Amino acid sequence: MTTANEFTLAELIIVAGAEAFRNDGEVLATGIGPLPRLAVGLAKLTCAPGLMMTDGEAYLVEDPIPLGARGDFKPKFSGWMPYHRVFDSVWSGRRHAMVTPVQMDRYGQGNISALGDDFNKPKVAMLGVRGFPGNSLCHKNSMFLPNHSKRTFVEGEVDVVASVGFNAKNWPEGTKPDDVKLGRVITDLCVFDYNGPDHAPQVLSLHPGVTFEQVQEATGFPLLRAEGMTTTDAPTEAQLAIIAKLDPHNIRATVLKGNPPGIRAA
Amino acid sequence: MNKEMDLKSVVAQLRDGMTIGFGGWGPRRKPMAIVREILRSDLKDLTLVAYGGPEIGMLCASGKVKKLIYGFVSLDAMPIEPYFRKAREAGSVEVSELDEGLLLLGLQAAGHNLPFAATRVGIGSDVLKYNPHFKTIKSPYDDGETLLAMPAIKLDVALIHTSRADRLGNTQTDGPDPFFDALFARAADKVFVTTEVLVDRIDAEYSDKAKQQLFERCFVSGVVKAPLGAHPTASHEAYGWDMGHLKAYAASAGEEGGWQRYFDEYVKGDEASYIASVGGEAKIRALPLPIF
Numbered sequence: 001m002t003t004a005n006e007f008t009l010a011e012l013i014i015v016a017g018a019e020a021f022r023n024d025g026e027v028l029a030t031g032i033g034p035l036p037r038l039a040v041g042l043a044k045l046t047c048a049p050g051l052m053m054t055d056g057e058a059y060l061v062e063d064p065i066p067l068g069a070r071g072d073f074k075p076k077f078s079g080w081m082p083y084h085r086v087f088d089s090v091w092s093g094r095r096h097a098m099v100t101p102v103q104m105d106r107y108g109q110g111n112i113s114a115l116g117d118d119f120n121k122p123k124v125a126m127l128g129v130r131g132f133p134g135n136s137l138c139h140k141n142s143m144f145l146p147n148h149s150k151r152t153f154v155e156g157e158v159d160v161v162a163s164v165g166f167n168a169k170n171w172p173e174g175t176k177p178d179d180v181k182l183g184r185v186i187t188d189l190c191v192f193d194y195n196g197p198d199h200a201p202q203v204l205s206l207h208p209g210v211t212f213e214q215v216q217e218a219t220g221f222p223l224l225r226a227e228g229m230t231t232t233d234a235p236t237e238a239q240l241a242i243i244a245k246l247d248p249h250n251i252r253a254t255v256l257k258g259n260p261p262g263i264r265a266a
Numbered sequence: 001m002n003k004e005m006d007l008k009s010v011v012a013q014l015r016d017g018m019t020i021g022f023g024g025w026g027p028r029r030k031p032m033a034i035v036r037e038i039l040r041s042d043l044k045d046l047t048l049v050a051y052g053g054p055e056i057g058m059l060c061a062s063g064k065v066k067k068l069i070y071g072f073v074s075l076d077a078m079p080i081e082p083y084f085r086k087a088r089e090a091g092s093v094e095v096s097e098l099d100e101g102l103l104l105l106g107l108q109a110a111g112h113n114l115p116f117a118a119t120r121v122g123i124g125s126d127v128l129k130y131n132p133h134f135k136t137i138k139s140p141y142d143d144g145e146t147l148l149a150m151p152a153i154k155l156d157v158a159l160i161h162t163s164r165a166d167r168l169g170n171t172q173t174d175g176p177d178p179f180f181d182a183l184f185a186r187a188a189d190k191v192f193v194t195t196e197v198l199v200d201r202i203d204a205e206y207s208d209k210a211k212q213q214l215f216e217r218c219f220v221s222g223v224v225k226a227p228l229g230a231h232p233t234a235s236h237e238a239y240g241w242d243m244g245h246l247k248a249y250a251a252s253a254g255e256e257g258g259w260q261r262y263f264d265e266y267v268k269g270d271e272a273s274y275i276a277s278v279g280g281e282a283k284i285r286a287l288p289l290p291i292f
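Protein chains in written order, with the working numbering: chain V, 1 to 266; chain Z, 1 to 292.
Wrong hints could be hidden among the right ones.
Unchecked claim - Computed list of lysine to any residue pairs in SDA-like fashion (alpha-carbon distance at most 25 Å, straight line): (1) Z:K154 with Z:C218; (2) Z:K66 with Z:Q13; (3) V:K123 with Z:G257; (4) V:K245 with V:T2; (5) V:K176 with Z:P140; (6) Z:K86 with V:D117.
Everything labelled a hint here was simulated from the structure, so no lab data went into it.
Computed from a predicted structure; not experimentally measured.
Modelling step: build the complete structure from the supplied sequences, incorporating the hints.
As structure tokens, then:
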């Protein structure tokens, strides 16, 4: 494996995202948005061949579908996955999604519903909770947040708890917060998870050229350094070739503002 | 038995304050011809239930909505329906925001004539906080787990768009996903269906497509022939969604008097004038189906 010398931050994130699916076995893997979707496709073609994916509409595919206009590519279907089967997969637990909350907090809770203090007249109405409450309760979820800042990783709690986390006050007696499976959180600065003591957030790796202090400064809650905290792996040439094939129109270049390089200038 | 009706006679059966569910999913297979007929009527104070698309936004824009019960309201490429967003931010409609799966379970419970469905979904999230009427129950078995008792969502009426139907009330879709139309149908006292193609007997002409039936005809009260009746949403395999039209519609939400102009330009007349105003039948039939 040759490590690439030149790669973009988006490509670094895709590779880090693919790692989140390693050892998942046979689960329905769903990446919402271009980078998570490419991460799932890359994982399936490298470290997690058991993953099941869809065409984004209603069918299962064994070969990940390239993003955007397909030209001569005609997807081949291995099965049917209409939304009623998606919910059955969700509730069975045999799924791992990578999604993008607008806010996250120290408890691992995520918000895509609305911003502001008044839910009935929100400052900003967003997507609604969509499938987040059920997804986060029933199966593993990883997150991709493109703008690591105190606005996204908030002090206190997120404005609306759409995806569940580890805040004891939100769990009535007799419920099972310990079953919540939070995977990895991948941002433009680092990779972290909530597997520290008592589900504390801990940084697993820093993207090249980023310091822990810089990440902490951009986060509204305290972070730990995970044991063996390292630098996020640079993509290999082979990984970059797969990504290019899965994204022939280079949509990945449009996700992060200015499409910055993967290694930040010191 | 002949359940054929027209749009006007369907809307004549609706009443102020009713709870109305819509089939489809976001900008896919929405019964827009009936929605436009409702927009032309003086109906008001409606409670709407949907995996919502433009039907929800338009009915909010026209001031006909008292309450929304939804899993989402989205135009897909535009993740938040613009008039829904406006209504939310103005606080002008009451809302019951649900996890998408809770909407499924609430409709299913209603269709099964049960008071609730037991589920974990919603526990630990603010869905419980913002739906204070939801109650939990304790499992009566050894596990003793606390679960949400998701209340049944009973509908007065469900409105659903299909690829084909017959005069007996049988329906088929050519779409790759039947969505939750069957649950909406079974949760409702009355179901009115619009269809691209209407035949006397579906068994006589489309016997080989019986697996594409959405739900049983016993739930169907009326069938309306409404070709292109899902526009600007998609109706597989007949036409895709009209993103150009939806973008212009979305832009109107940001303009002073935008809804009134949209209504006057497109909705005010009848379905024939609507189809002409959006470019005509050939243009609609050429709209490509979305890919992802």
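Structure versus earlier hints, numbers of those that do not hold, lowest first: Result: no hint breaks.
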